[in-house]
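As a plain string of letters, each chain reads:
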Amino acid sequence: MGEKIATRVVYGETLVELGAKYPDLIVLDADLSGATKTKDFSKAYPKRFLNMGIAECNMVDVAAGLATCGKKPFASTFAMFAAGRAFEQVRNCVAYPHLNVKVVGSHGGLSVGEDGATHQCCEDFATMRVLPGMTVVCPCDGYEMKQAVQALIDYNGPAYLRLGRLAVETVTEFTPGYRFELGKGAVLRDGGDVTIIAVGMMVQMALKAADQLLAEGISARVIDMHTIKPLDEELVLKAARETGAIVTSEEHNIIGGLGEAVCGYLSGMCPVPVVRHGVEDKFGRSGKAQLVLEAYGLTPDRIAAKAKAALAMKK
Amino acid sequence: MEPSRAHALAVTAAKARLLAMEMVHTAASGHIGGSLSSMDMLTALYFDVMNVDPENPRDPDRDRFVLSKGHCTPALYPILALRGFFPVEQLSMFRRIDGHMSGHPDMVNVPGVDMSTGSLGQGFSAAVGMAIAGKLDHKNYRVYTVLGDGELAEGQIWEAAMSAAKYKLDHLCAIVDVNGLQIDGRTADVMPTEPLDRKFESFGFHVIKLISGNDPAAVSDALHAAATVKDKPTVILAATVKGKGVSFMENNADWHGKAPDDAQYAAAKAELEAGLAELEGN
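Protein chains in written order, with my numbering: chain E, 1 to 315; chain A, 1 to 282.
Okay, chain A solo, but in the shape it has when bound (with noise of 0.2 angstroms):
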C-alpha cells in the first residue's frame, strides 16, 4: 500500500481510538481492551476494503460485515461514525436506557451494523448465510467477520467453519482478533485454542498469518490478498495487543470489560492524543 494511504488509515484508526475511549468513559461501561486491538483491522475494512454506502446501509450488492465478537462495539461504533454511517455525537448514547446505541450490535437501531450480535460463537455462522446468500444470487459482494481468539472455544465456530468450506465460500473471510488474552486471563491458560493455523487449514480454509495486526495497512494487505483465494474461505490470523494504544491497557486483561474513571481516561487520553498529534505532524 502506498504510503500516503497507510498514513491515513492510522490516522482514522487514531481518532477511533479516542472516540473509543471517549464512548466508555461517558458511559462508565464497556469492553475496551478488545475494541482497542481490533480497531485497526475494522479501519482496513470500512475505509479501504469494503464496498459500503452510508448512505444507502441496506443496499443488497454491498459487502457485509458481522462482528461476532460483538461486545467490541467502542470499535465498530467509532468506525461507523467516522464512516459516516450516523454523529459522531450520537456514540455519547453507547449504553444509555434513554439512547439506541445498544451494548453490543444492534441492526435494527444501529445504521451500518449487519447483523445483531454479542453472544460469542453465533456470528460466524450468520456470515457464513449471508455468504450463501450471495453465492445463490450470484452477486459479487463479499462478506466479512471479526473473532476473538478466546471465541473460538465455542463449538458453533467450528460448525460455522466447516460449513463454509463446504460451500466453498472463498467470498468470506475471518478475521480473527488474537490478542491472546480474555476476560479471565491468558487465552492460552482459560482455553489454549493453538494452534489456530492448523486447525483452520484442517478445516478447509486459506490461512494468512499477520504479525501486524494493529497495522490497518497490513491488515488492509492480507484483505486483498485474501480477495483472490479461489475455492475456499479465508482466515486471517491477525496478531494483535489488546488495549493497544494506551501504555497501562496493554496486553491487560483487567482491562477486557472495564471502563476508565476520570483519573483514568485523562490519561488514556493524553495517550491516544499524543499518538495522534504525532502521526498527523509527520
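Extracted from the complex, chain E is given alone in its bound form (with noise of 0.2 angstroms):
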C-alpha cells in the first residue's frame, strides 16, 4: 500500500496539468473550490475558472452552453448539489443532448463526517446511473484519479465523476498488470471462492476483507470497479461464473448503485448469488468520518461476513 491521499486532491492537481494541454478545458465551481480542490485550477488559469456562486443550477446549464461551443467543461461541486439539486438540469440540459460535460461531485458517501446527513450524498451512483448514455466513475485512489481525469476529458459526452474527501491508500498503482480504462474493472486480486466487486474507498477495504477471508481459508476475487456506469459486464460475468458467488460494496445507499447494477445484470445472465453492502437505505449522520463509517457498517469486517453470506447461499 502506498501514501495516502485524497481523490480529490488529485483531482485538483490532475486539472492543472491538463489545463496546458487541453485549451479548451474550463473549470466551473459553485463557491467549494477550496473543497473540490479546484482553487489550483483558478490560480494557474484564471480566465478559464467560472466561479458560478452558490447556483449549482446554473452552473450545470452553463457548462451545457459551453459545450455547444466545443469547451470541455467541468463542473464541480459537491456530489449532494450536482447530482441532487442539479440533477434536472444534468438531465435535460447536459444527457439528453449528449453533451460533453463533466459533472463533479465531491466529499460523495458517508466519509464527509462532522457536516452530516444533508451534505452526505449516498443517491449520486443512483441519480446519474439511470440518465441514458450517462458514464459513471468513481476512483478507488489518487493514482487511478488521475488517469480517470484524463480518460474524462478525452472522452466526448456526458459523464459524472464522484471524488472522495477523505485520504485513502494508493492501491492500484502496485497492482501488477493494473491499467485505467473507462467501462473496463480492475481485478485487484484473484480468487475462486467468492468476488467482491466494490466502488471507491471501500475497494481498499475489500482488499482488507479479502485478507482476512484468505486467513480462513477462502480465496476472494477483488474487483474495482470505477466505471460503475457503462458497466464492465465481461468482468462481471466472468466473475459469476467462475467464482458462483458475489458481493459489491459501495459507499452509497444499496438502492440505486453499483450493487443494483451488478444484480440487474446478472439476474438475466447467470443468477447466482449476490450479497450488497453499503449503506442500508438510511440517511447519515454527524461524527469523525471514520467512526460514521463503522457506524454505518462500512468496514472490512462487515463485507467479509457480507462474503460468507454469499458463500452460504451458493448452490
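Rather than coming from a laboratory, the hints here were simulated on the basis of the structure. Heads up, the beta-carbon is just placed ideally off N, CA and C, and yes, glycines get one too. Among the hints, a few may not be true.
[What the hints assert, rightly or not] Covered by chain A, according to a simulated footprint, are these stretches of chain E (three or more residues, beta-carbon under 8 angstroms):
hint: 1; region: 48-55
hint: 2; region: 65-77
hint: 3; region: 87-99
[Said to hold, decoys possible] Below, computed lysine to any residue pairings styled on SDA-like, alpha-carbon distance capped at 25 angstroms:
hint: 4; chain 1: A; residue 1: Lys166; chain 2: E; residue 2: Asn51
hint: 5; chain 1: A; residue 1: Lys139; chain 2: E; residue 2: Leu32
hint: 6; chain 1: E; residue 1: Lys39; chain 2: A; residue 2: Met162
hint: 7; chain 1: A; residue 1: Lys139; chain 2: E; residue 2: Leu25
hint: 8; chain 1: A; residue 1: Lys135; chain 2: E; residue 2: Pro23
hint: 9; chain 1: A; residue 1: Lys232; chain 2: E; residue 2: Phe49
hint: 10; chain 1: E; residue 1: Lys43; chain 2: A; residue 2: Asp63
hint: 11; chain 1: A; residue 1: Lys168; chain 2: E; residue 2: Leu32
hint: 12; chain 1: A; residue 1: Lys139; chain 2: E; residue 2: Tyr22
hint: 13; chain 1: A; residue 1: Lys135; chain 2: E; residue 2: Ile153
hint: 14; chain 1: E; residue 1: Lys39; chain 2: A; residue 2: Lys168
hint: 15; chain 1: E; residue 1: Lys43; chain 2: A; residue 2: Lys166
hint: 16; chain 1: E; residue 1: Lys47; chain 2: A; residue 2: Asp63
Since each chain comes alone in its own frame, lean on the hints to assemble the complex.
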C-alpha cells in the first residue's frame, strides 16, 4: 500500500496538469473550490475558471452552453448538489442532448463526516446511473483518479465523476498489470471462492476483507469497479461463472447503485447469489468520518461477513 | 427600419403563423398561444438580426439562439423552415412517433436548433454559457434567448441573470415575451413577476421596454440597439399578445397548450390568411 491522498486532491492537481495541454478545458465551481480542489486550477488559469457562486443549477446549464461551443467543461461541487439539486439540469441539458459536460461531485458518501446527513450524498450513483448515455465513474485512489480525469477529458460525452473527501491508500499503482480504462473494471486480486466487486474507497476495504477471508481459507477475488456505468458486464459475468458468489460494496445506498447494477445484469444472465454491501437505506449522521463509516457498517469486517453469507448461498 | 424591409418581416411572420397553426392542428397537439405571441421576435431574429447560415448550421462563428420557453416550437420550427434549415414539409412530422420534430426543441435531430430546451428556466443559463465561450474565444458572435414572463418565476433565471452581469456579457440579449398569461391564468395572479424593468436593472442588465413586441420591425430595432450596449447584458421586455393574429385565441390562457379542432382551425386559418392577403395586397 502506498501513500495516503484524497482523490479530490489528485483531481485538482490533474486539472492543472491538463490545463496546459487542453486549451478548451474550462473548470466551473459553485463556491466550493477549496473543498473540490479546483482552486489550484483557478490560480493557474484564472480566465478558464468560472466561479458561478452558490447556484449549482445555473452552473450545470452554463457548462452545457459551453459544451455546445466546443469547450470541455468540468463542473464541480459537492456530490449532493451536483447529482441532487442539479439533477434535472444534468438530465435535460447534459444527458438528453448528450453534451460533453463532466459533472463532478466531491465529498460523496458518508465519509463527509461531521457535516452530517444533509451533505452525505449516498444517492448520486443512482440519480446519475439512471440517465441514458451517462457515464458514471468513482475512482478508488489517487493513481486511478489521475487516469480517470485524463480518460474523461478525452471522452466526448456526458459523465459524472465522484470524488472522495478522505485521504485514502493508493492500491492500484502497485497492482501488477493494472491499467485504467473507462468502462473496464480492474481485478486487483484473483480468487476462486467469491468475488467482491467494490467501488471508491470500499475497494481498499475489500482488499482488507479479502486478507481476512484468506486467513480463514476463503479465496476472494477483488474487482475495482471504478466505472459503474457502462458496467463491465464481461468481467461481472466471468466472476459470476468462475466464483459463483458475489458481494458488491459501495459507499452509497444499496438501492440504486453498483449493487443493483450488478444484480440487474446477472439476474438475466447468470443468477448467482449477490449480497449488496453499502448504506442500508438510511440517511447519514454527523461524526468523525471513520466513526460514521463504522456506525453504518462500512468496514472490512462487514464485507467479509457479507462474503461468507454469499458463499453460504452458493449451490 | 425602411418600410419595405419592415413589410417583408411582417409578411414572413404572417406566413410563419399559418405554418404554426397548421402544424399544431396536424399534430392535434402543441402550444399555439405563446408561439403566436413570440412569432414576431423570432422573425426579427432569424430574418433581420442573426448571422446564421442554413447551409452551415454549426458554423462556429454564427450567432446563437436559445428558445428558453421551449414549448414554443410552433414558432421556432416554422421560422427555421422558412429560413431554409429544413423543408417546410417536415413540419407535418411535429410531435409524431415516426417523426423527428420533437415537441420541444431538440438540438440533436432538428437542424438549426442550438440548444435542447423545454424544462423552463434552463435555456437562459445555456445561453450564458455560449456567451462566455464566445468571449473566451474572442469571437464576435452574439447570443439571443427568448424567455416567457411566466418562466421568470423559475429561480434559475435569476441565477443566470447574475452570472450574465458578472461576466459582462454585452453580446448576450434576452427577450422576454411579456404576454401576461401562463397555463394557469394571468401571470399577475399565478406568481407576479413585475416590476421586470427594475428587477433586471438591479441584476445589472440594460433594459429596453418595448410596447410593440408583435411588430417585428420594432423588435428588430430594439435588437440592433442592444448590440451597441457595452459591458452589460441587455434584456428586451417585449409586450405581446398571447394568441396574436387569431381573434378567439388572443389574450386567452385556454389556448396556452391546446390544439384547434377542425372548425377552429378553419376559422383561425381564414383569419390568418386574410391578414396575410391584406399585407401582400399593400
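Query raised in the report: Holds or violated: Lys166 (chain A) with Asn51 (chain E), Cα cutoff 25 angstroms?
Result: 10 angstroms, holds
Query raised in the report: Is it true that the CA of Lys47 (chain E) sits at most 25 angstroms from the CA of Asp63 (chain A)?
Result: 22 angstroms, holds
Query raised in the report: For the region 65-77 of chain E, does the count of residues with a C-beta closer than 8 angstroms to a C-beta of chain A reach 3?
Result: holds (count 8)
Query raised in the report: Can the restraint linking Lys168 (chain A) and Leu32 (chain E) be considered satisfied, given a maximum Cα separation of 25 angstroms?
Result: 23 angstroms, holds
Query raised in the report: Is the straight-line distance between the alpha-carbon of Lys232 (chain A) and that of Phe49 (chain E) 25 angstroms or less?
Result: 20 angstroms, holds
Query raised in the report: Against chain A, does the region 87-99 of chain E show at least 3 residues with beta-carbon separation below 8 angstroms?
Result: holds (count 7)
Query raised in the report: Is the hinted pair Lys135 (chain A) and Pro23 (chain E) satisfied, with a Cα-Cα distance of at most 25 angstroms?
Result: 14 angstroms, holds
Query raised in the report: Can the restraint linking Lys139 (chain A) and Leu32 (chain E) be considered satisfied, given a maximum Cα separation of 25 angstroms?
Result: Distance ~30 angstroms between Lys139 (chain A) and Leu32 (chain E) Cα, so the pair is violated.
Query raised in the report: Lys135 (chain A) and Ile153 (chain E): Cα distance at most 25 angstroms?
Result: Distance ~22 angstroms between Lys135 (chain A) and Ile153 (chain E) Cα, so the pair holds.
Query raised in the report: Lys139 (chain A) and Leu25 (chain E): Cα distance at most 25 angstroms?
Result: 17 angstroms, holds
Query - Residues of the region 48-55 of chain E with Cβ under 8 angstroms from chain A, three needed, outcome - result: Check passed, 5 qualifying residues.
Query raised in the report: Are Lys43 (chain E) and Asp63 (chain A) close enough, with their CA atoms no more than 25 angstroms apart?
Result: Outside the cut-off at roughly 31 angstroms; violated.
Consistency with the previously given hints fails for numbers 5, 10, ordered from lowest to highest.
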